[in-house]
Each structure stands twice: as C-alpha cells, then as structure tokens.
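*Asks:* Residues -18 to -1, 1 to 485 in mature numbering (1 follows the signal peptide of the UniProt record, and there is no 0) are what the sequence shown spells out, letter by letter.
In case anyone wonders, no lab produced these hints; they're calculated from the structure.
Owing to the predicted nature of the structure, the values given are computational and were not obtained by experimental measurement.
Note that beta-carbon positions come from the ideal geometry of N, C-alpha and C, so glycine has one too.
Just to be clear, a hint being listed does not mean it is correct.
[Stated by the list, open to error] Here are the simulated BS3-like pairs of lysine-lysine, each with C-alpha atoms no more than 27 Å apart in a straight line:
#  : residue 1 : residue 2
1  : 409       : 108
2  : 104       : 409
3  : 40        : 364
4  : 391       : 145
5  : 108       : 373
6  : 193       : 342
7  : 391       : 308
8  : 145       : 342
9  : 364       : 308
10 : 132       : 108
11 : 338       : 481
12 : 471       : 132
13 : 145       : 481
14 : 481       : 40
15 : 364       : 338
16 : 364       : 104
17 : 307       : 40
18 : 132       : 373
[What the hints assert, rightly or not] Pairwise CB distance ranges, derived in the manner of DEER restraints:
#  : residue 1 : residue 2 : range
19 : 412       : 455       : 33 to 39 Å
20 : 409       : 361       : 24 to 30 Å
21 : 409       : 98        : 21 to 27 Å
22 : 270       : 40        : 45 to 51 Å
23 : 149       : 391       : 16 to 22 Å
24 : 208       : 13        : 25 to 31 Å
25 : 304       : 474       : 23 to 29 Å
26 : 133       : 260       : 37 to 43 Å
27 : 117       : 210       : 42 to 48 Å
28 : 100       : 403       : 24 to 30 Å
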Amino acid sequence: MGVIWVLSLLFLISILLAAVKHTKRWLRQPPSPPGLPIIGNLHQLGELPHQSLWRLSKKYGPVMLLKLGRVSTVVVSSPQTAKQVLRDHDLHCCSRPSVEATRKFSYNYLDIAFSPYDDYWKEKRKLCVRELFSTKRVNSIQPIKEMEMKKLIDSITESAFEKTPVNLSERFISLNANVVCKASFGVSFQGTVLNNEKFLDLVHETFEVLKSFSASEFFPYIGWIFDWFTGLHERRDRCVRDFDAFYEQMIDLHLQKNREERSEDDFVDLLLRLEKEEAVLGYGKLTRNHIKAILMNVLLGGINSSAITMTWAMSELTRNPRVMKKVQSEIRDQIGKKNKTRIVSLDETDQLKYLKMVIKETWRLHPVSPLLVPREVISEFKVNGYTIQPKTRVHVNTWAIGRDPEVWKDPEEFLPERFMDCDIDAKGQHFELLPFGSGRRICPAMYMGTATVDFGLANLLYHFDWKLPEGLDVEDIDMDETSGLTSHKKHDLLLVPVKSLAL
C-alpha cells in the first residue's frame, strides 16, 4: 500500500513539474547574457554598470534580463521601452525593492526614494512636495539663495585676485548644503557638532557607502557576512551615528527656541508638530526616526543632485570654449553690465534660453542617476512582448538613452543647439531625456533642482571667466565618472576664476 502512495506522489510531482515547464515556455522572457553559477551576471557589470549594460544592450537589445546573484533584473535602454515601463505600465512597477544597503541603517536615510508604493509613501511625498518643493516654496527661499550666492562670489573673487584655482565640485556641494539647511531646517550646519569640513567629509563618505558593492543586496541571509568582512557595516553605522548627532542637535535647537523668536515655522517645526499631534502617515504614527529619515532624504537629495549637474556643466563648458563664450554672452547681454556686484535673480534665468539648452545637454550626457533608482514589479506586464514577472527589479538606463544614435545625432558631442526649436523637456513626458525619471516615482524636487542649477550657473558664468590651472589644456580635463545611485565626476573640477572684464 505504501509503495502505491509513493508512486502516486511521484506521478503527481512529475505532472506539476511538466505543467510548470510548459507554462514557462509560454512566458516569453527577455534575452539574457549567459551567466555563471551562483553570481549570475554580476561579473559583467564592471566598474561602471550603466556603461557595461549599455554595451550589452547593443547585443541583446533594449530589454534585457539579468540574474544578479539571486535578484532578477530587467534593464531597458531605449525611449520606447522606457515609456512602456514608466508610463504605460507605471502602476505595475512603481514599488521599490527592499534594498539591504539602506535597510541595515538605524533608520532608512533614503526613506522617500526607497519606500514601497503604499499609503505611507504617498503621504510622505505629498507632505514634502507641499512644504518644500512647490513653486511657491522655492520662490520664497530665494533671499536665502541670493545671500549664499553672494558669499560664494565674494570668496571666489578673492581667489581671482590671488589667481588660485577653485575646487568647484566642493564649492557647489557647500553652497547647496547651506541653502538646504537654512531653507528646510532653519539653521546652518556650521556651528553644530559638524563644522564645514566635517560635514562635507560626512556627505562624501555617505555617498561612498551608497555606491559601494553590498553583497547582502544580491545574496540575502549570507551576504551580510561579506559586508561585515569588508567593513561596509561599520561604515554605514558610523555615517548614521554622525548624522544622528547632527539631527538630534538640530531638533533640540528647534524645541528650545522661543516661539516668539521665529516669524514662521520651518519644515522641522512642521514635522515636530505632526509628531506631537501623533499624526498618522499611511500605516502608522509619525515617529522621531521617521522625521530623521525624511530630513536625511531632503538633505542628501538637495545637496547632491544639483551639485553634480553644475560640476558636469562647468566641465563641458570648459572643454567647449565656443559654447562657453556663447552662453556667457547671452547671460551678460540679458542681465546688463551696470552693476558688477549684483546677483542674477531666479526670474531673470527664465529668459536665458541658451543656458537652459546647455543644462539639458548636460543632463543628456551626464544624467545624475544613470540607471534611475530601481523599481520593483508588483504585477505581471509586458514590454516589447516580453513578460516581466512580479518581484523583478527594473532599471531604466538613461545614460544609454542619452547616447542612442537612433535618437540623437552625433550623440557623443556636446551640442546644446540640438535643443533649439525642440519641444523635448525634462519633466518626464519625453522619454529621450529623463534626468528626474517619470511617472509616480518622478523626483518630487524637480522644480527646486532645476531652479538651483539655473541660478548657480547663471551667476558664476556672469561674474567670472574661467580657465584651467597653468600647464593644462582642454584635452587634459578628466571626464571620468563614478558609479552608484548617482554618477559623480571622479575627480574634482579645479578652475581658475578671472573677474570678467566684460562687466
């Protein structure tokens, strides 16, 4: 009798396996590069994954399936496939993967970017857009931007007088940090537990940790051993402890302040009030750790993205003197030359059409997030006829799209004029240019980021001419980049400012 039961069970198992195999034949999966046991295609990512995936897409097409350890990943690399993912099937893949690199922190410091698609995420995003990133809010903080820009111009003027190089990569980060802290948090990081140098070092270290390879992301349960061995866990914890001390001190300052000393509440006051009122965001009450996570997201996102774009833009302008001369002529002709100390306002940048072309061209060649932040598939859908299964991670290779010769003529050339009489913008509706993404997960700070870049570049190009340090030619400018969630210029940009004689 027992033998019969065993034979019956084996028969049923064979039928089930055959059924599964038959079903998979009907699911047309995207083409995939051959991988290795256990690690899959991880070895093919290289030092710069967006470039490696671009090369692979030339052979396997604009929809590719890869196995990264235990993680199934689909990469799309054309405007048409990006449109299908980000617009046509947005609701099917608008969640985020549970990324180990962020979950291992004491609190998730990329809270908004990496939260799954649920009511909690919707409420957080709505709160940040309303209180921080709206057009009205961005315009209201313009005096803060102008004050910080005046300080930056004064310090660069001293370097121009001494004819010494300026590290623009660091200056852009410092400028944005001051603006974000004062506009969003009501205080400056200077004079807190983190002085200027320590703060910038911490920001750099945090982004280094973010872009570091995390085995636990691709090999759950056992990868943490590798991360512990490499010291990644310790670096994460150290970053969190340092930022936590900063936020605790900043929150204490807000709690200790007399209400009469402030004319209006800032963003931290709002969050603390919501915490006191036990406000509910999605699935639970707003806690102190939620507040820190939101502030971390605002701080790092606000500092980094705009600084990266401005650094790449100044690098490309220095390499292309024709474009540099043309954009400076536009700015100086539009603004005038009567007041040499004036600050170019945000309203005035709206009239600088060629400058906006320069920024678009910078986004095309140097997208801040070359693979966008990954999405996770919620329910099955098809791209180009290929079935994309739930729990698959999806990347959009914006770096590859920006270099697609079927979309862009002479794609490797820096030619802002390609956007003349062209309706392509960066608002997420034209899938040839996606610096801020698209769909439900489009960057909520899109307007603030654009305004920051416009304002920063317009003023530095108006007040100064720029040249390379002595002994260097334009061919010597290093345009190497780094990999990670964002793509920085690998080496800092050092330029010598010259007070413009045209003013």
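*Asks:* Kindly confirm whether 33 to 39 Å is satisfied by the beta carbon distance between residue 412 and residue 455.
*Replies:* holds (36 Å)
*Asks:* With respect to the beta-carbon atoms only, verify the hint that residue 304 and residue 474 lie 23 to 29 Å apart.
*Replies:* With Cβ atoms ~25 Å apart, the hint holds.
*Asks:* Residue 391 and residue 308 were given as a pair; does the straight-line alpha-carbon distance stay at or below 27 Å?
*Replies:* With a Cα-Cα distance of about 21 Å, the restraint between residue 391 and residue 308 holds, given a limit of 27 Å.
*Asks:* Should the hint that residue 409 and residue 98 are 21 to 27 Å apart at their CB atoms be regarded as holding?
*Replies:* Given a distance of about 25 Å, which is inside 21 to 27 Å, the answer is holds.
*Asks:* Decide if the proposed pair is consistent with the structure: residue 391 and residue 145, CA atoms, cutoff 27 Å inclusive.
*Replies:* violated (39 Å)
*Asks:* Using the beta carbons of residue 117 and residue 210, state whether their distance is inside 42 to 48 Å or not.
*Replies:* holds (46 Å)
*Asks:* Given the range 37 to 43 Å, decide if the beta-carbon distance of residue 133 to residue 260 lies inside it.
*Replies:* holds (40 Å)
*Asks:* Holds or violated: residue 338 with residue 481, Cα cutoff 27 Å?
*Replies:* The hint holds at about 23 Å.
*Asks:* Look at the Cβ atoms of residue 409 and residue 361 and judge whether their distance stays inside 24 to 30 Å.
*Replies:* holds (27 Å)
*Asks:* Regarding the pair residue 104 and residue 409, is the alpha-carbon distance no greater than 27 Å?
*Replies:* Roughly 20 Å separates the two Cα atoms, so the pair holds.
*Asks:* Starting from residue 471, check that the Cα of residue 132 is at most 27 Å away, please.
*Replies:* Distance ~26 Å between residue 471 and residue 132 Cα, so the pair holds.
*Asks:* Residue 409 and residue 108 were given as a pair; does the straight-line alpha-carbon distance stay at or below 27 Å?
*Replies:* Holds, at about 18 Å.
Violated hints, listed in ascending order, are 4, 8, 9, 10, 14, 15, 17, 18, 23 and 28; each of the other numbered hints is respected by the structure.
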